[in-house]
Amino acid sequence: MKKWQIFEKECESYLSKIITSNIKIELIGGSNSKESDIQITTTKGTKFFIEIKMSPAQCGQFVLYPNLKTKKFEYSSKNIHHINVFSKMIIEYMNCFFSEFYSASTRGKLILFDGHESIFANWIKQAYSVKNVKYFIINDFIIVPIQEFEKAFFITAKYRVKRSGSSNVSLKNMKNLIDFLTTNFKELQSFKISKNKLFVTTDKNIDKKRFVFQDNNYIVAKREENYEIRKLAKTCNANVIFSIVKKPSYKGITKEEFLAQINSY
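In the numbering used here, the protein residues as written are 532 to 796.
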């Protein structure tokens, strides 16, 4: 189990201990960034979310495509978040230094201008408010109301090329892939298909092993008792990526303040 997965469960356990009233706590986020981490359902039936972050952490992103004809960046229509006044301000600044940002690699280029932290904080708050997130819970179980975001964190943003993630093996390729693995990887002991995912078992350490099958790249990812085969995406996107680091002086709201607030919803 990865560190962030352990921390998610620890946060769920912590909240279950301090919330003694009839409030439902449900851990649902996992690795899906489109969903928040913990859903709270109050005694009145009100639902909201608590986002879990291990500082330092990434905290939102959006894709920008460089238009070489206009020398301007264009907001991708596939972004989860709609363009807003804060992303427009970031784009306007980047357009003034188009060639510098266009040349950004996987290392990226920091976005720095007067008042940038306030703009970044407002973008993050708006993005998470749309997801109905009211609190963040971070290292040492510090609870941060979304309104106090800029008090709690140093915030930076960087424009960099980010390789897309991975996906389940397609069902139509599952049998052919199993045949390929059986022939080429003798160390694999068994195969299992569960919830449209392909798992393998072996007594060897094959975590992060990569291979090519039918012109597609695949990676082996360690799970609790076995390994999952994942298909890697071919695309690379250039993203504005927000990152946060907890400010040493920030202590968060007290347990009593938190309980009083959630009981008022």
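Don't read these hints as lab results, they were simulated from the structure.
Each residue gets a CB set at the ideal place from its N, CA and C atoms; glycine is no exception.
Errors might be hidden in some of the hints.
What the hints assert, rightly or not - Pair ranges (Cβ atoms, derived):
hint : residue 1 : residue 2 : range
1    : Asp645    : Glu756    : 35 to 41 Å
2    : Asn736    : Val692    : 49 to 55 Å
3    : Lys735    : Lys703    : 46 to 52 Å
4    : Leu643    : Asp671    : 42 to 48 Å
5    : Ser630    : Ile556    : 26 to 32 Å
6    : Leu702    : Phe742    : 15 to 21 Å
7    : Ser634    : Lys740    : 52 to 58 Å
8    : Lys717    : Glu648    : 50 to 56 Å
For each hint, the structure was consulted:
no. : hint                         : verdict
1   : Asp645 to Glu756: 35 to 41 Å : violated (52 Å)
2   : Asn736 to Val692: 49 to 55 Å : violated (30 Å)
3   : Lys735 to Lys703: 46 to 52 Å : violated (28 Å)
4   : Leu643 to Asp671: 42 to 48 Å : violated (30 Å)
5   : Ser630 to Ile556: 26 to 32 Å : violated (49 Å)
6   : Leu702 to Phe742: 15 to 21 Å : holds (19 Å)
7   : Ser634 to Lys740: 52 to 58 Å : violated (33 Å)
8   : Lys717 to Glu648: 50 to 56 Å : holds (54 Å)
Checked against the numbered hints above, the structure violates hints 1, 2, 3, 4, 5, 7; every other hint is satisfied.
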